Amino acid sequence: MTTATATSTGRVVGPVRAALLVVEAMWTWYRRNWRATVVSSIVQPVLFLLALGFGFGSQVQPTEATGGLAYVVYLAPALLVATSVQIASFESTYPILSAFKWQQTYFAIAASPITPAQILGGQLTWLAIRLAGSGAAYLLVAAVLGALTGPGVVLTLLVAVLTGMAFAAPVAAYSATLESEGQQFSAIFRFIVMPMTLFAGAFFPVEQLPAWLRPIAWFTPVWHGTELGRDAAFGTLSWWPALGHLTFLVVLFLLGARLAARNFRRRLSS
Amino acid sequence: MVDDGALVRARQLVKRFGEFAAVRGIDVDVRRGEAFGFLGPNGAGKSSTMRMVGCVSPRSDGELTVLGMDPQRDGPAIRARLGVVPQQDNLDTELTVRQNLHVYGRFFGLSKAHVRAKATELLDFAQLGERADDEVEPLSGGMKRRLTIARSLINDPELLLLDEPTTGLDPQARHLLWDRLFRLKQSGVTLIITTHYMDEAEQLCDRLVVMDGGRIVAEGSPAELIGRYSTREVLELRFPPDAAAPEVALEGLADRLEVLPDRLLLYAADGEAVLAAAHARGVQPLSSLVRRSTLEDVFLRLTGRTLVD
Ligand SMILES: Nc1ncnc2c1ncn2[C@@H]1O[C@H](COP(=O)(O)OP(=O)(O)OP(=O)(O)O)[C@@H](O)[C@H]1O
Ligand SMILES: [Mg+2]
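Residue numbers (UniProt numbering), protein chains in the order written: chain A, 1 to 270; chain B, 1 to 309.
Don't read these hints as lab results, they were simulated from the structure.
Small disclaimer: the values here were computed from a predicted structure and weren't measured.
Treat the hints with care, since some could be wrong.
To be verified - Capping the alpha-carbon separation at 16 Å, the derived lysine to aspartate or glutamate pairs in EDC-like fashion look like this:
#, chain 1, residue 1, chain 2, residue 2
1, A, Lys101, A, Glu181
2, B, Lys185, B, Asp89
3, B, Lys144, B, Asp156
4, B, Lys112, A, Glu24
5, A, Lys101, B, Glu34
6, B, Lys144, B, Asp134
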């Protein structure tokens, strides 16, 4: 052979760097397309805060159920958590199915040195950043509107991100198995996300639910997230309940992420 | 690592999907610097083989080394030095042409400055400079294909895997791609190409294997294969649909006779001579054509079927 032996410039990067490169790719996309996400991520929760918090809330007397707080103040941190779960549910359905099925962009990445688990790591990290960004923007607006009580909401923001991730990870695991056009997703939105948002303690305490429904609420990330997020915002955290909520959310996230890693691997290297 | 010049070495390589075996024990050696082809009809197992070589599909059985390494163990290290053009484009259609190259190059651990410079060079190579900052979505199929090829070169791969690089392109776009691939080969890149176009295989491949039903049925250079399995020329005859079987009258005129649904093929060194002899026996075809043998004829001989259906 007389030709110079070609040597490639490509090399393998470490796992953290690899995930961050996937985040960088998502960011490149987001920079072009962020406008479409503003309404659902920020405008919508602010409208809820205005209509339900200030409007409807003006008719609600502060009681024991609201911790003696004005309804809008009671609602603001919970709305942060519930919105985070809504964004997370959207972001862990169609975009993931698309990256496997329609655009097949995951397959393109999997042909590079990046592994399926690193793709998932990047995807989830990106989602956490997205949730933190949207949540922070919402908090700014809520602060200007006077719906916040103090700096505790910064902790609530972390709780909101965790709650969103705890829901997104198992849903992403499920999305990674679908071959369909995603009809199943509307069932998830209708029968899981919506009822969870409405009845799992964000708008009113679950103690108001019929006794037989309450245990169902206890198994939703939204309930754990809003309980924890409110206590963080109002400075009423106490050890054991906080630890319980945190454990539920972290375990749900870890289980979901493990399952998702397995499903990503199966689909991308079959 | 023993470098015997083989960039890809497969022995009794098998790929199963559940019970079904898509690749049924193939032996392949691809040498550094050559253009190697997998020629075969739909479902032959070409893509399954390419995906194993590309380290995105674990082998079910047999041996496989790529760049002297084991895909199962060193997948990322191998993939870092490969370029892959999948059968179906998987570009990020919501990014611009240039962004697709930037983002992809970063996955190979390349610096931003490096991918920026490389992207500009590749846009030029793929003649996409004018569309560099347009979104990918509205581009034509040929442009998307060229972008996919450009993207596969972002890491200066030593081995380029092209799965049906020109399927669905018009003749002009195909010739442009062939030219680009030829230039890559000149610069020392090893190419593995799958195709079910025999002219593509003849144009591009130094050596090729003919695959059918997961097996390799023949191996060699295009000229060798034609020499071994076919004659120099072929006479094609067409008859009216209801004509009485003319095969009988043509008995013994050519080395070999193939009956296709729409025509007869007579294999011989001298096609014109066979045609004259047929006329002399009173055979009256609707039309006749003498041409050189191609890989299509090799395939027909080996499998009894035509390549493109
Ligand atoms: N993931 C999979 N699961 C099950 N069967 C598969 C899978 N991938 C391929 N096959 C089957 O394996 C066989 C070989 O497929 P493959 O894609 O390798 O063929 P090919 O030679 O590339 O064909 P084509 O010219 O149509 O691209 C086919 O019968 C196909 O249906
Ligand atoms: Mg194929």
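- Message: Please verify whether B:Lys112 and A:Glu24 have alpha carbons no more than 16 Å apart.
- Response: holds (11 Å)
- Under the criterion that the straight-line Cα-Cα distance not exceed 16 Å, is the pair B:Lys144, B:Asp134 satisfied? holds (12 Å)
- Query: Within 16 Å, alpha carbon to alpha carbon, are B:Lys185 and B:Asp89?
  - Reply: violated (22 Å)
- Message: Next pair to validate is B:Lys144 with B:Asp156; report whether the Cα-Cα distance is within 16 Å.
- Response: violated (20 Å)
- Message: Against the 16 Å threshold, does the CA-CA distance of A:Lys101 and A:Glu181 hold or violate the hint?
- Response: Status holds; Cα separation ~9 Å.
- Query: Do the alpha carbons of A:Lys101 and B:Glu34 lie within 16 Å of each other, as the hint requires?
  - Reply: Violated, at about 34 Å.
The structure is inconsistent with the numbered hints 2, 3, 5, although it conforms to all the rest.
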